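> Okay, here's what each chain looks like letter by letter:
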Amino acid sequence: MRDKTAAVLPRSEADLPGLSARSSVPLGRVALLALAVATLALLPFAVTGYVLYIANLLLVFVVLCLGLHLVIGESGQFALAHAAFYGIGIYTSGLAGNAFGWPFPLSMLLAGLVAGAVGVVIGAVALRMRDIYLALATFAFGEAMQWVFLNWDQVTGGPNGLRISPARLGAFEILSDRQAYPVVVVMTVLMLLLTILISRSRLGRSFRAVRESEVAAMAMGIPVRRAKITAFGLSAFFAGVAGSMFATFSTYIHPDSLGFQTTILVLTMIVVGGLGSIAGAVGGAIVFGLISEFLRQTPSYQEIIYGLILIGFMMYAPRGLFAFIRDKVGGGTRG
Amino acid sequence: MTLDVAFLFLQQGIASGLIVGSVYALLALAIVVIFKTSEVPNFSQGEMVMAAGYIALYLLVFQSLPLWIVMPATILAAFAGAALFRRLILNQVARANGSPVNLVIATLGLSYVLRGFVRQTGFGDTPRSFPPVVEPESILIGQASVTTLDLVILATAIVVMAAFFWMFKYTKTGRAMRAVGMNPKAARLVGVDLTRIHMIVWGLSGGISAVAALLISPKVLMTADMGSIVTLGFAAAIVGGFTSLPGAVVGGFLIGIIENLVGLFITSRAIVLAPFLAIMLVLVIRPQGLFGGRVEIKKV
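Keeping their order, the protein sequence lines are chains W and S.
Residues -9 to 325 (our numbering) make up the first sequence, in order.
Residues 2 to 301 (our numbering) make up the second sequence, in order.
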């Protein structure tokens, strides 16, 4: 085991100085990144299938968080229909596989595109509103979608749920969490890179301008409405891809897990991590995902502790876990 | 469907709609009064209703206290609990980072805590029913069949709403609340104690939630998840404009009636969908709701 760590670490370290030179990433973050790469690479050799299932699930939540980060964290638009787009992604890729036997990379793309397209349509209507009205309109859309999942029996299986046949690529079939893991990891990394790319592009800057002040953004010539709809569509696309990732390792989906609770779970993750930062979205997904996983063992206390964590964070670490650690421990690592 | 049946359904739908609608109106009122003064949609409102329902159930069934003690005790407990949450928790949250999002998430946290706590006590494990305040007897109004319990619910809700509006309009505290809603800074400048007003607003909202819980609990099965009923309160609040108290009341009755008519005329499967469609429809056609003022655009 130790040899492998050694084999992985230098490679990632060798890659990183270039990155840090370009964007002046602090040393602590480089170490964290190296640790993450090592963990991801070594995990399948060290743990049981169940742990890999959890890892897959956490990575799906990472992608969900990245999507919600784009619309809430970067653009400041409170869209609360994430679970609906996630569901659209799951059903789309599941059905593409079930009915047409599509290879999974194709059904993943389709899932993202369908969710993104629905997102653009809903966004075009909902984004005329702002703040609480936008939140409530998207909340209502999410609940309505859950109803559709639950009642469109012919397509979604309705309350019986939908069995998802194994994801395939030619003759290769994904039959276990262990087989799905590399696919999920690659997709997560791709989506993470895409997020970073968007965030650093002109588009990302226009998102943040809209978040800070719509009027000022408009005055600078940023097409505010288009930026908002783009952010919303992208976020739906991410959620759709996350759904298709879920479909690669899961054999079954029930509409119960696609309600407001899930949206709130994702929102909680990005807030606990630190609203507005990509690292916060990723870290929040992993930290909070692990916490809820551990609490699953004691279901009676799960909700209480979960709630107390939320309240505690809002009271004492409102800018998220990472800002909190930086303030308390790191002090001046940024300088 | 013949015209006669349609007319009967219409009467029944409106009668039943007004009755459940009165409870939705109370819920919407509880939501809007908090939103008006602090811009926070309280996502724990449903769990406040649920918790109050279980307090009443505990006192009434497990301690066998008489109803005339149980009712005020429940309302007081809800008032105190909500006011303390505002004072001890939300004040700190607001101090740490004033953005409304954080306050909203703290209310979500409360909703989890309350639900978990009720589950933990074990009362929430099995669905329970709350003994009705009066023996339900059937009465015909026109062709619509309602029970005496229904009429008590409607009457109580209307009395509570009237008392609330009187307080909001004519008392000094009510005036202070309106002032805080319009402009917190200016209100503080003229000597309004913001902390105290926020506490009273939350307390009132908790108290109204408790009344709603006492009214609705005999009609539904109580579980730890019964707080989801507040979705209808949110729908009512949106239809009414979200910042308008009379709007919340009208919205409540409207949602109740729409829900019942959809159930009778279309299909009972669509009942759950009705409030969400109402929300989306209102927001798309008239985002400020029926009674909301012009949508403001914040300048830089």
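Be aware that one or more of the hints could be misleading.
Claimed, not checked - Which chain W residues face chain S? A few, computed with CB under 7 Å, are given here:
#1 W137
#2 P308
#3 L311
These are computed hints drawn from the structure, not numbers from a lab.
Note that this is a predicted model, so its numbers are computed, not measured.
Every residue gets a Cβ at the ideal spot worked out from N, C-alpha and C, and that includes glycine.
> Give me the numbers of the hints this structure contradicts, sorted from smallest to largest.
Hint 3 contradicted; others consistent.
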